[in-house]
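Participant: Just so you know, the protein sequences line up as chains A and B, in that order. For the first sequence, this note's numbering begins at 651 and goes up steadily by one. For the second sequence, this note's numbering begins at 651 and goes up steadily by one.
I should point out that these hints are in silico values taken from the structure, not numbers from a laboratory. No experiment lies behind these values; they were computed from the predicted model shown. A hint or two may mislead.
Pairs count within a copy or across copies, as identical chains cannot be separated in the list.
[Claimed, not checked] Taking lysine-lysine and the DSSO-like style, the derived pairs with C-alpha atoms no more than 30 Å apart in a straight line are:
hint	residue 1	residue 2
1	Lys1160	Lys1108
2	Lys1179	Lys1053
3	Lys883	Lys785
4	Lys1160	Lys1057
5	Lys768	Lys883
6	Lys1147	Lys1053
7	Lys1057	Lys1011
8	Lys785	Lys1158
9	Lys883	Lys1057
10	Lys1157	Lys1011
11	Lys1011	Lys1160
12	Lys1053	Lys1108
13	Lys891	Lys1108
14	Lys1057	Lys1179
One-letter residues, chain by chain:
2 protein chains.
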Amino acid sequence: MNLDTFPAYATLTSLGTSPEDLSAPGTLTPERIASYVCRTGEFDLLYGTERINDQVLEGLQALANEMNLTEQLNAMKLGAVMNTIAGCESENRRVLHTSCRDVFHTSPEAPDATQENKDELAKLQVFLEELQNGKLVNHAGKPFTTMVQIGIGGSDLGPRAIANALAAYGLEQRRIHFISNIDPDDAATVLQDIDLATTLINVVSKSGTTLETLSNEELTRQEYLKQGLDPSKHFISVTGKGSPKDNPESYLRSFYMFDYIGGRFSATSMVGGVVLGFLLGFAQFMDFLHGAAEMDRNGEQKNIRENIPLLMALLGVWNRNFLHLESTAILPYSQALLRFTAHLQQCDMESNGKSISRQGKPLTYQTGPVIWGEPGTNGQHAFYQHLHQGTSTTHVEFIGFRKNQRKQDITTQDTSSQDKLCANLLAQSLALATGQTSDNPNRTFPGNKPNLILMADKLTPYTMGALLSLYETKIVYQGFIWNINSFDQEGVQLGKKLATDILDHLKKVKSDPDFSGQKDDPQGWAILKSARLV
Amino acid sequence: MNLDTFPAYATLTSLGTSPEDLSAPGTLTPERIASYVCRTGEFDLLYGTERINDQVLEGLQALANEMNLTEQLNAMKLGAVMNTIAGCESENRRVLHTSCRDVFHTSPEAPDATQENKDELAKLQVFLEELQNGKLVNHAGKPFTTMVQIGIGGSDLGPRAIANALAAYGLEQRRIHFISNIDPDDAATVLQDIDLATTLINVVSKSGTTLETLSNEELTRQEYLKQGLDPSKHFISVTGKGSPKDNPESYLRSFYMFDYIGGRFSATSMVGGVVLGFLLGFAQFMDFLHGAAEMDRNGEQKNIRENIPLLMALLGVWNRNFLHLESTAILPYSQALLRFTAHLQQCDMESNGKSISRQGKPLTYQTGPVIWGEPGTNGQHAFYQHLHQGTSTTHVEFIGFRKNQRKQDITTQDTSSQDKLCANLLAQSLALATGQTSDNPNRTFPGNKPNLILMADKLTPYTMGALLSLYETKIVYQGFIWNINSFDQEGVQLGKKLATDILDHLKKVKSDPDFSGQKDDPQGWAILKSARLV
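Chain A extracted, bound-state conformation (with noise of 0.2 Å):
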């Protein structure tokens, strides 16, 4: 049913027309920042800096019951058939990315891919060992210290995203590399700056037929011929099984990904498991998936003020709801996850920017917001100028950390480094709830800008597979309270399939110079001689 039908949208809606007023004197007191805070695990959430009140959390809280939003995760964790929308055809599938961490209790939620994941674990296990002992080294006895990826989409941003936040627990000599975009100038950048003779090309691809993947991985076995290589000693793979790419006559190794697991969430499966566990040693990625694991189960509690993946999907829902804010920024103050924002901006958007109900109807109300962000303080020297004083509002979402993942910090003016960079993002956060008056016009801050703070005390692997978890928890959250289906991306077939026709017309016009397409694709022809491409 739709988000819009249940009693307490319409409490929702009323609370929604005298918001709380962060910016009044006397609102945003020592005891409302204490007191609105959820400590969850790893991470700590502050969201005083929310306009919300008792009355609104209440009736959050009577949303998510009215909805049965924990019973439709728990669902959703045991293997219910969630990728659907009823009534039309679409994917049918199971939803379960929770269960490649969900290797740690004796009994796992859904057991069978539970079992299909710990085998892929199994094998990764060997493989990471063989490297590490030797016994797996290229024709020539070295060792390999260098992993190439080729994906895109959920094949890479994820995997990238958490490789650096992690690389301070890298081992040592070992480097990676990540090649997704078409743009041929993509790969050879990659390409020119490694030995090829000591790397491994891992490619990862759930069908085994992602168009730019194929490209890129053939542009790279060419290299390995020209250098004399056998690509077949060095290339592995991440796909379904019996997909073409499930070939040991061309793979050294193949991992398994299965059907149950979107490729935007799935880089607690091979697809992060393989490059994640080269770079960082076995027991380190699993330390990554224990942490995913724990915040999965702290994401089932019911009371909302005890769930921080829920009580931020609901937050989200208000403030984009009934708040009506178009966009959110998530803002790391943490250099090493400068391209977190990337990943979650994938995740997010393209499982909630969806318009049609799980019953085929199309929506009345607003889903999924637009994702954005970089690293402060970075930020503060860039776009924080339109979040204070610009003429709309952007709802923030800050992560921090209490200590910095290396040894190096510097003590200036009797601060160090890190003291500077949390002050920073605490200061930013009260100045935009706050605001500030000035006589002069340019200098007033208008504040009641809504946004919270994420906190944890270091970015560890454990600690990074906890802030994922809970970020894909927030997002499966959101699509159960759009009633939508976040698990499918229908909206990227429309796209390729014109590609497809212009480029048919570039194929023809290249064999035959005197070739129209005009008759077959005028819209596709004009554009195509508009930007002198024909």
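Once you have looked at the hints, place chain B on chain A.
Facilitator: Chain B in isolation, oriented as in the chain A frame:
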């Protein structure tokens, strides 16, 4: 005078109530696509996929005329004090970033400023020659092969984005890196991978007092000392004349930036010049300036259909103020432009995220949108779902090139990767505009999503300069239209002030564990405690 006081505003408001429906059969004709093209220098702008018609273009032209937009731009280039707000304390400066590249004409528009910039270019040329011919080497007589730029905001994002874009043209054996974030892990990550002995550290700060840059400089100097190296033989600076960093005892060389060049508009000054010159050599850096200079002149055309920067500015305002769109995605189909959108996000949002007129009065209409984006085709596998089937509409600006930069490309299924890249770009533009009907509601695309395409032959230093100028001028024009001061950034001050207060608390609690800051700053203290930082 405010935008909404001009006659053309009323005309456009009326036209905005029934804009062109791109998804209606018969709207997006080949003739329309061919007719709405503007060719300026290196770039073609295709805008048939915007929700405009001839009437709207006439309205936008009328607006440009009524507001004297090109006259305002010329006044800026001649040295008018445009960084100001009437009746308020403000920066009161000229705005002359264009003078940095107005070095190819015998009669520059602002001769004194151009002369100052020519003097810096001459210093840069000598410096680069000395690096090349071995006159400037390290203590052991070895050449400097690496440069690390320490800077943040405008001293980071533009130079970094451009260096990334032009890496394919880099001199052999020259490597560059950037350190920006106060997060100490940022510096540690960069410094661990380089040989300090053959590295130049370029510290970039106009005032010489930027917190992040000072801390990172100090951290880096200590690393030099730890390794027994003399920092004064490795550190150079780009700074204001007479700043603390203009000091030959601490810096091998100093290059100057001037108060009439804002940080986010400084990529063509020495802020970009030193690091780009090191990477590309002097001649290619001059090509980059030349491309910018030519586009600067193109941006002066009065006829909006012959002036890409002005037309893009007006189309942006059409989408923002008359069609009420909240965000603009800038999507380059070029992996080399990976960080260009982040630079534009800064340049645009810090310039035009304002709500006070140039007369110091609150505005009653929307100003700059949220700017975001990632390269295609990667984005197609990430957030394009939201663009096609989400509930809110994002304005899209595509950027593409007919040829790739590097030699490698590959033909699969009879087309090259570069062909596929371009075909995808054009297909996405059409798909967003036309949409698609279907019996399956989940496979229905509403279409009618406005977008434009910027197309050039190849991303070279010259084209990159033109592209940068194009966007800088677009942003400046939009500021004129919204009647805001695009050149200050008062919105960053409040966060800085509160961060200082919070840091003071941290300092005190470190020297006195019983200290409670409750009295001094109850909010700051409460948030510090809730985040468990004290």
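Participant: If a hint holds in the structure, say so; if it does not, say that too.
Facilitator: Results of checking the hints against the structure:
Taking identical chains as interchangeable, the C-alpha atoms of Lys1160 and Lys1108 lie at most 30 Å apart only when they sit on different chains, with a minimum of 20 Å there against 56 Å within one chain. When the C-alpha separation of Lys1179 and Lys1053 is checked against a cutoff of 30 Å, the pair qualifies only between copies, where the shortest distance is 15 Å, while the shortest distance within a copy is 56 Å. Within a single copy, Lys883 and Lys785 get their C-alpha atoms as close as 13 Å, which meets the 30 Å cut-off; across copies the closest is 47 Å, which misses it. In this homomeric assembly, Lys1160 and Lys1057 come within 30 Å of each other (Cα to Cα) only across copies, at 20 Å, whereas the closest approach inside a single copy is 58 Å.
Within a single copy, Lys768 and Lys883 get their C-alpha atoms as close as 26 Å, which meets the 30 Å cut-off; across copies the closest is 56 Å, which misses it. For the identical chains of this complex, Lys1147 and Lys1053 are inter-copy neighbours only, at 23 Å across copies versus 48 Å inside a copy, given an alpha-carbon limit of 30 Å. In this assembly of identical chains, Lys1057 and Lys1011 lie within 30 Å of each other by CA distance neither inside one copy nor across copies; the values are 55 Å within and 49 Å between. When the C-alpha separation of Lys785 and Lys1158 is checked against a cutoff of 30 Å, the pair qualifies neither within a copy, at 50 Å, nor between copies, at 57 Å.
For the identical chains of this complex, Lys883 and Lys1057 are inter-copy neighbours only, at 26 Å across copies versus 38 Å inside a copy, given an alpha-carbon limit of 30 Å. For a Cα distance limit of 30 Å, the shortest separation of Lys1157 from Lys1011 qualifies neither inside one copy, at 40 Å, nor across copies, at 58 Å. When the C-alpha separation of Lys1011 and Lys1160 is checked against a cutoff of 30 Å, the pair qualifies neither within a copy, at 44 Å, nor between copies, at 59 Å. Taking the shortest alpha-carbon separations for Lys1053 and Lys1108, only the intra-copy value of 5 Å comes in at or below 30 Å, while the best inter-copy value is 45 Å.
In this homomeric assembly, Lys891 and Lys1108 never come within 30 Å of each other (Cα to Cα): the closest approach is 37 Å inside a single copy and 41 Å across copies. For the identical chains of this complex, Lys1057 and Lys1179 are inter-copy neighbours only, at 25 Å across copies versus 57 Å inside a copy, given an alpha-carbon limit of 30 Å.
Hints 7, 8, 10, 11 and 13, counting from the list given before, are not met by this structure.
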